[in-house]
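Construct all of the structure, not just a fragment, from the sequences and the given hints.
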Amino acid sequence: MNEQALIQDAQRGDLDAFNTLILHYQDSVFNTALRILGDDDLAADVTQDAFISAFKGINSFRGGSFKAWLMRTVTNACYDELRRQKRRPTTPLEPDTEDGEEMDSPRWMADPGMTPDQKAEADELEHAIQHCLNNLPMEFKTVVVMADLQGMDYSEVAVAVHVPLGTIKSRLARARLRLRECLQGFEELLPSVFRLGEESTA
Amino acid sequence: MKQRDLELLSSYLDGQLSSSEATRLEARLRTEPDLRSVLQDLRGARTVLRQLPMRKAPRNFRLTPQMVGKNPPLPRAYPVFRFASTLATLLLFFTFGLNLIGPQLASQPPAFGMGGGGAPDTFAAEAASQAATEAPLAEMPATEAPAEEPSVAMAPMPTASVSAEEAARAAETETTQSDATENAGDTALVPPQTPADETITPPVSPVWQWILAGVALVSALIMALMRQLAISRWRNKK
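Here the protein sequences line up with chains A and B, keeping their order. The numbering of the first sequence is this note's numbering, which starts it at 1 and goes up by one. The numbering of the second sequence is this note's numbering, which starts it at 203 and goes up by one.
Honestly, I wouldn't trust all of these hints.
Distance condition first, Cα-Cα at most 25 Å in a straight line; then the derived SDA-like pairs of lysine to any residue [unchecked claim]:
(1) A/Lys-56 x B/Met-428
(2) B/Lys-258 x A/Glu-124
(3) A/Lys-56 x B/Arg-264
(4) A/Lys-56 x B/Met-425
(5) A/Lys-67 x B/Ala-259
(6) A/Lys-67 x B/Pro-267
(7) A/Lys-67 x B/Leu-254
(8) B/Lys-204 x A/Pro-137
(9) A/Lys-56 x B/Pro-274
(10) B/Lys-258 x A/Asn-19
(11) B/Lys-204 x A/Glu-139
(12) A/Lys-67 x A/Asp-153
Simulated from the structure, these hints should not be mistaken for lab results.
Structure representation (structure tokens):
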């Protein structure tokens, strides 16, 4: 895929070229939205909105990392969605357990190649991580999702979040530390995976 | 743990430190167990995060023209013609305005401070018509309404109009003659101009107006043609 040529075509209004870019980036964009928002359906809606905004504003892209630019668009869309939720709070549809805890979403157990035990374990891990991510402040969550989940380098994250590189380093370090503290609470729940002290050699 | 050390450890984990910074930090890590412990924590958190599976997008997010309210892509030259058409139209209206207002402004003398006598060039033209109304006033007592208000002065004396008319006819010739002689000095200073005699030259030549109109029209036609071609090409492509 010649990304540069596709971007130029898209900037001239070629929707097919932009759709090729969408196919290439839609998983990344969706996963970013999912981890920031913590909800599949919302993430899908925000992803679609982000791509529409990206196409309409593609002439503002002046080179550099297209992924970072796209991530900035989806992050803004996530911020908009969260602001909207604050104005109009909604009740989650997932049923609660007897303890009043929200049940694990069955949508997260969709991989057909896993045994039931593996599914349960993976689901628990994912749920635990998502829970800890949800507890992070928005600006920390955005940075850690881009750097650690999307594998973007610091400069790309800085472009995407539109803050200086030093701020990215600071936010990332603090986000990781907070996540570590939060994940310690799930040690009993996830004994086989979550032994953070032993990961140091990894 | 200092914030600075935390940032150093996190950056070290990602290989974002310079070699000298990394060497210094590694030396500290060998001697400071607290620092090592935090590094392990950060690494552990990062490792767990990276275990999160990348989910496949639940659906295709491809955009349709309807989603983006898209119009067919127009040629690059389109904005040039749009600009030319707009500019030519604006200039055309401007020239119309200029040609309409310009002569009027040019024909008006600096009338400020001229008193009740009116402008010299209009005086000559109005003198004849005014003479008829002013003539009867000559017979009126000096205490009557002033000459500047002829309508007020004429209103209360309709019965005197017959005899006054005869006097007016006699006076008319005298008045016009005397006016003419009075105005002789004025006309010597300012050449008499009547609307019929004026040869008004518009500030903007009509040729330029035709050119501007032509540019606006041709540009608009080219734009319409470009748009039609783009639409038909776009439809064929889909």
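So if I understand the rule, the pair passes when the alpha-carbon distance is 25 Å or less; does B/Lys-204 with A/Glu-139 pass? Satisfied, since the Cα-Cα distance of roughly 21 Å is no more than 25 Å.
(Q) B/Lys-258 and A/Glu-124 were given as a pair; does the straight-line alpha-carbon distance stay at or below 25 Å? (A) 19 Å, holds
Are A/Lys-67 and A/Asp-153 close enough, with their CA atoms no more than 25 Å apart? At roughly 11 Å apart (the allowed maximum being 25 Å), A/Asp-153 and A/Lys-67 satisfy the hint.
Take the C-alpha atoms of A/Lys-56 and B/Arg-264, compute the straight-line distance between them, and say whether it is at most 25 Å. 14 Å, holds
Pair hint outcome, B/Lys-204 versus A/Pro-137 [Cα-Cα no greater than 25 Å]: 20 Å, holds
Requested in this report: Would you check the hint for A/Lys-67 and B/Pro-267, treating anything up to 25 Å between C-alpha atoms as holding?
Outcome: Measuring from Cα to Cα gives roughly 23 Å; hence the hint holds.
Given pair status - B/Leu-254, A/Lys-67, alpha carbons within 25 Å = Holds - the C-alpha atoms of B/Leu-254 and A/Lys-67 are around 20 Å apart, at most 25 Å.
>> Tell me if the straight-line CA distance from B/Lys-258 to A/Asn-19 falls inside 25 Å.
In response: At roughly 17 Å apart (the allowed maximum being 25 Å), A/Asn-19 and B/Lys-258 satisfy the hint.
Run the distance test for A/Lys-67 versus B/Ala-259: straight-line Cα separation, threshold 25 Å. It holds: about 16 Å lies between the C-alpha atoms, which stays within 25 Å.
For the pair supplied as a hint, A/Lys-56 and B/Pro-274, confirm whether the alpha-carbon distance does not exceed 25 Å. Holds, because 14 Å separates the two Cα atoms, which is no more than 25 Å.
- prompt: Taken at face value, is the distance from the CA of B/Met-428 to the CA of A/Lys-56 at most 25 Å?
  reply: It holds: about 22 Å lies between the C-alpha atoms, which stays within 25 Å.
A/Lys-56 paired with B/Met-425 [C-alpha distance capped at 25 Å]: 23 Å, holds
Checked against the numbered hints above, the structure breaks none of them.
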